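Q: Sequence:
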Amino acid sequence: MHDAPIRAVSFDFGQTLASLDASMLLTKLVRRGMRADVGHLERALPVAWAAYDAAVRAGIAGHPWKLFMRTLLEEARCEPASAVDAAVDFLWDDQPTANLWRRPIAGMIELCRELKSDGMRIGILTNSEGRAAELVAELGWAGIFDTVVDSGRVGVEKPDPRIFAMMAEQLEHPQNEIVHVGDSLGADVKGAVRAGMRAVWFGGRAADAPEGVLVCAAATDLREALAALRAGT
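For the sequence shown, this note's numbering gives the first residue as 1, with consecutive numbering after it.
Keep in mind that the hints were calculated from the coordinates and are not lab data.
This one's a predicted model, so the numbers in the text were calculated from it and none came from an experiment.
Hints are all accurate, no fakes.
Taking CB as the label site, the calculated pair distances span:
1. A231 with V38: 36 to 46 Å
2. D37 with P161: 39 to 49 Å
3. A98 with G39: 17 to 27 Å
4. D85 with A106: 31 to 41 Å
5. G232 with E79: 52 to 62 Å
6. P104 with D37: 18 to 28 Å
7. R113 with E74: 33 to 43 Å
8. A209 with G232: 17 to 27 Å
9. R57 with T27: 29 to 39 Å
10. E74 with G232: 43 to 53 Å
11. G33 with A142: 28 to 38 Å
12. G59 with V38: 29 to 39 Å
Glycine included, every Cβ here is placed at the ideal spot set by N, Cα and C.
Make the full structure from the sequences, and use the hints.
A: Here's what the structure looks like:
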């Protein structure tokens with residue numbers, strides 16, 4: 001049931017709090033002798049995320065990070081094409097020490113600080129490689145969040161209800177008092193709803209949103225949506 005006002009907020013990390021740094025990705029590719037263009041990488045991101053989300057909805061086992069990255073490099077016409085698979089493997093191995101998702105999304109961390117100062121419990125729930133907490137600390141955000149639940153650490157990934165239950169336990173609120181905010185329809189939105197949380201689809205399409213799911217395009221929209229949910233309206 002979703003009658004109670006929300007008391008805690010769970011945030012996805014990638015494409016919700018921080019986006020992929022295409023310039024950093026380009027630097028890594030060039031160092032490996034590949035040719036790429038930052039504009040092509042940026043424009044290829046929606047196609048890569050669509051492939052990622054389709055894999056999640058299809059229930060493909062394992063975190064589809066490599067599928068996302070391979071689609072991104074191929075769609076961006078990185079050359080030589082024969083080096084793409086090796087580059088994807090390298091980028092995956094390099095993630096724990098030089099994570100590509102580090103470009104803050106406008107207004108989101110400021111919103112998180114506001115929620116924290118208002119006494120809300122907030123956390124990060126991410127499908128990642130096991131070092132999300134270290135990245136959050138590196139970015140200077142550790143003091144904002146009460147917890148970071150990382151699939152690479154806990155051994156289960158969104159949309160599995162068990163990882164949402166872990167977040168609820170860490171936030172010390174029942175699922176029906178938590179809203180999860182994320183960009184993936186399959187992993188974040190449907191996963192949260194299935195687990196008994198409310199959901200906000202960040203950057204999603206209203207026409208494709210499940211019933212009862214709010215859609216927000218930016219931090220300003222999200223601030224208003226969360227205020228309404230906190231008030232129980």
